[in-house]
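Number of protein chains: 2
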Amino acid sequence: MNEFELIRTYFARQPVSRADVAEGIGDDAALLRPPHDQQLAVTSDVLVLGVHFFPDADPESLGHKALAVNLSDLAAMGAEPAWFLLNLTLPEADTLWLEMFCRGMFRLAREFNVQLVGGDTSRGPLNIAIEAHGFVPPAAALRRCGAKTGDRIYVTGTLGDAALMVKQRAGKLQLPLLALAAFSERLDRPTPRVREGIALRNIAHCAIDISDGLLADLGHILERSQVGARIFLDRIPVSETCRSHLGQAGWDTVLAGGDDYELCFTVSPGKLEALEKLQFSCRFQCIGEIEREPGIRVMDESGKPYHPRETGHDHFAEKTK
Amino acid sequence: MNEFELIRTYFARQPVSRADVAEGIGDDAALLRPPHDQQLAVTSDVLVLGVHFFPDADPESLGHKALAVNLSDLAAMGAEPAWFLLNLTLPEADTLWLEMFCRGMFRLAREFNVQLVGGDTSRGPLNIAIEAHGFVPPAAALRRCGAKTGDRIYVTGTLGDAALMVKQRAGKLQLPLLALAAFSERLDRPTPRVREGIALRNIAHCAIDISDGLLADLGHILERSQVGARIFLDRIPVSETCRSHLGQAGWDTVLAGGDDYELCFTVSPGKLEALEKLQFSCRFQCIGEIEREPGIRVMDESGKPYHPRETGHDHFAEKTK
Numbered sequence: 001m002n003e004f005e006l007i008r009t010y011f012a013r014q015p016v017s018r019a020d021v022a023e024g025i026g027d028d029a030a031l032l033r034p035p036h037d038q039q040l041a042v043t044s045d046v047l048v049l050g051v052h053f054f055p056d057a058d059p060e061s062l063g064h065k066a067l068a069v070n071l072s073d074l075a076a077m078g079a080e081p082a083w084f085l086l087n088l089t090l091p092e093a094d095t096l097w098l099e100m101f102c103r104g105m106f107r108l109a110r111e112f113n114v115q116l117v118g119g120d121t122s123r124g125p126l127n128i129a130i131e132a133h134g135f136v137p138p139a140a141a142l143r144r145c146g147a148k149t150g151d152r153i154y155v156t157g158t159l160g161d162a163a164l165m166v167k168q169r170a171g172k173l174q175l176p177l178l179a180l181a182a183f184s185e186r187l188d189r190p191t192p193r194v195r196e197g198i199a200l201r202n203i204a205h206c207a208i209d210i211s212d213g214l215l216a217d218l219g220h221i222l223e224r225s226q227v228g229a230r231i232f233l234d235r236i237p238v239s240e241t242c243r244s245h246l247g248q249a250g251w252d253t254v255l256a257g258g259d260d261y262e263l264c265f266t267v268s269p270g271k272l273e274a275l276e277k278l279q280f281s282c283r284f285q286c287i288g289e290i291e292r293e294p295g296i297r298v299m300d301e302s303g304k305p306y307h308p309r310e311t312g313h314d315h316f317a318e319k320t321k
Numbered sequence: 001m002n003e004f005e006l007i008r009t010y011f012a013r014q015p016v017s018r019a020d021v022a023e024g025i026g027d028d029a030a031l032l033r034p035p036h037d038q039q040l041a042v043t044s045d046v047l048v049l050g051v052h053f054f055p056d057a058d059p060e061s062l063g064h065k066a067l068a069v070n071l072s073d074l075a076a077m078g079a080e081p082a083w084f085l086l087n088l089t090l091p092e093a094d095t096l097w098l099e100m101f102c103r104g105m106f107r108l109a110r111e112f113n114v115q116l117v118g119g120d121t122s123r124g125p126l127n128i129a130i131e132a133h134g135f136v137p138p139a140a141a142l143r144r145c146g147a148k149t150g151d152r153i154y155v156t157g158t159l160g161d162a163a164l165m166v167k168q169r170a171g172k173l174q175l176p177l178l179a180l181a182a183f184s185e186r187l188d189r190p191t192p193r194v195r196e197g198i199a200l201r202n203i204a205h206c207a208i209d210i211s212d213g214l215l216a217d218l219g220h221i222l223e224r225s226q227v228g229a230r231i232f233l234d235r236i237p238v239s240e241t242c243r244s245h246l247g248q249a250g251w252d253t254v255l256a257g258g259d260d261y262e263l264c265f266t267v268s269p270g271k272l273e274a275l276e277k278l279q280f281s282c283r284f285q286c287i288g289e290i291e292r293e294p295g296i297r298v299m300d301e302s303g304k305p306y307h308p309r310e311t312g313h314d315h316f317a318e319k320t321k
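Sequence order for the protein chains is A and B. For the first sequence, my numbering assigns the number 1 to the initial residue and increments by one for each residue that follows. For the second sequence, my numbering assigns the number 1 to the initial residue and increments by one for each residue that follows.
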């Protein structure tokens, strides 16, 4: 099978066919028709073997996650996903691997009606770069710079499960089998909060998706909005399974662990009623408040300041020339 | 320097600032305003260490080429470049390397007024994936499927220089110093034929950029257009330096070598006059004609059929499970 047959076989046969795609895969570029009344939101994320996943990673989950992390970025802007491109570098055209990878990727693509319209394949160390496009009405986008003093800080779903699983896989934790199943699902097949992001248009002041850890990602909002925050450990939503293993891993894993792909957003007190009326498929929980003073103040269960040792993920922090 | 400082330092300080970018680098996604009356052309291309370039490749040239190959794809659609995203995986945040890489990339970006609006960075084996966006009026795009029997086949510039340089670097040729300088410029810093692609709207029936070799890329046009072609070796434009080394490398290097990033396009006899009036910054040359019979017939200088041994580049042809 040569490169072109491979692309035809695995990528041209995809489940979504949108009316706004004039030309999809197969020419020098895709030809697309964005809606006239909306802005185009564009994002990309890379997954690299040995950095974002282990060599024995299940290809079906990888296909899911590579697309999910990009849809999560669109969700964090309040954008509706439409199209994506896949740049796939892999050591060999392993047909079973490709079949599983596509299964995971295309199942999620079908769920969110997002069409693969192009990309590139090459031989080389496994590297998956996806770029996703979505639409959002002008002025409705949930940018990071919108947080105001007095806003309530919310997160969707629960935090920490994925980070515990990363520690388990790195050999730093010993979790029971039951926890492994739940946590690996959270780490390997995150659910992008696309519907929630769209619902939060005109309600939230700003949003971000939690990929590098709550503290790091909330920190981005604070920095761009030039404000600070106070958050409360006992309000941070964690799963029962996660709570029962916090003794081993500690709150730092929840605060700084990342890979949650939940949304963190802020809402002014005047919009709380509108927020409560939203029908989310997941819970959302107020974890604190935006304050004028820069920085994040974490309060523990007894109301005392808690000082995290870790602050979030950074690919280049350890070793820089 | 951490990941965020690195991005701020090297990628946020970029030379182009377009009015159609509502939000560039720094949020979960870029927010863009495509023009109402045009289609959006989107393409991506990956450069991988050890596949597309050697470990000692000059980072400034790499920065140029990574963007150039994408602009070349837009050119082949007749699209006007606007924005791009950069997904960069590199072993370490080497500041000198990044500075040179950005210099090459941003010089070209400035030349074509194309703005970096997002991307992702990660640690890992060197891998550069760029995705470029451009605009083209509806029905004006130069698609691969438009060639008709009787069309003349043209190429811009000259072919073969880059392919000879690849052979030299692989140790298969011994070129004199003077040739090396000229050929490495062609291989490492190709000129995307953006202005030519735009000028060919409403004149050419179809176009493709020659990245995998003339035979392979013309082959894509023929396949999509369901036609064939006859081309003539003595009409294929080659530089004087290339011609003087054809004895060593042979015509196959010119026909199948790739990396030219010239445009191959077809024009109906009725449009030849309009074509001749175009002001190109490079020459363009008729190399043959579209025929009904499928396949490519190459004729040598004496009018006899020439049978190439190579047919073009394929990343996965050698080793597939």
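Because the hints were derived from the structure by calculation, they are not lab data. Wrong hints could be hidden among the right ones.
[Claimed, not checked] Covered by chain A, per the in silico footprint, the following chain B stretches (three or more residues, Cβ under 8 Å):
1. 43-52
2. 76-85
[What the hints assert, rightly or not] Pairwise CB distance ranges, derived in the manner of DEER restraints:
3. A:177 - B:5: 37 to 43 Å
4. A:273 - B:9: 40 to 46 Å
5. B:15 - A:20: 29 to 35 Å
[Said to hold, decoys possible] Over 12 Å on every C-beta distance to chain A, these chain B residues come out as not near it, computed from the model:
6. 13
7. 23
8. 28
9. 72
10. 170
11. 172
12. 224
13. 295
The beta-carbon is built from N, C-alpha and C at its ideal position, and this holds for glycine as well.
Structure-based check of all given hints:
no.: 1; hint: 43-52; verdict: holds (count 9)
no.: 2; hint: 76-85; verdict: holds (count 5)
no.: 3; hint: A:177 - B:5: 37 to 43 Å; verdict: 41 Å, holds
no.: 4; hint: A:273 - B:9: 40 to 46 Å; verdict: 44 Å, holds
no.: 5; hint: B:15 - A:20: 29 to 35 Å; verdict: 32 Å, holds
no.: 6; hint: 13; verdict: 17 Å, holds
no.: 7; hint: 23; verdict: 6 Å, violated
no.: 8; hint: 28; verdict: 4 Å, violated
no.: 9; hint: 72; verdict: 8 Å, violated
no.: 10; hint: 170; verdict: 16 Å, holds
no.: 11; hint: 172; verdict: 20 Å, holds
no.: 12; hint: 224; verdict: 7 Å, violated
no.: 13; hint: 295; verdict: 16 Å, holds
Comparing the model with each earlier hint shows violations of hints 7, 8, 9, 12; every other hint is respected.
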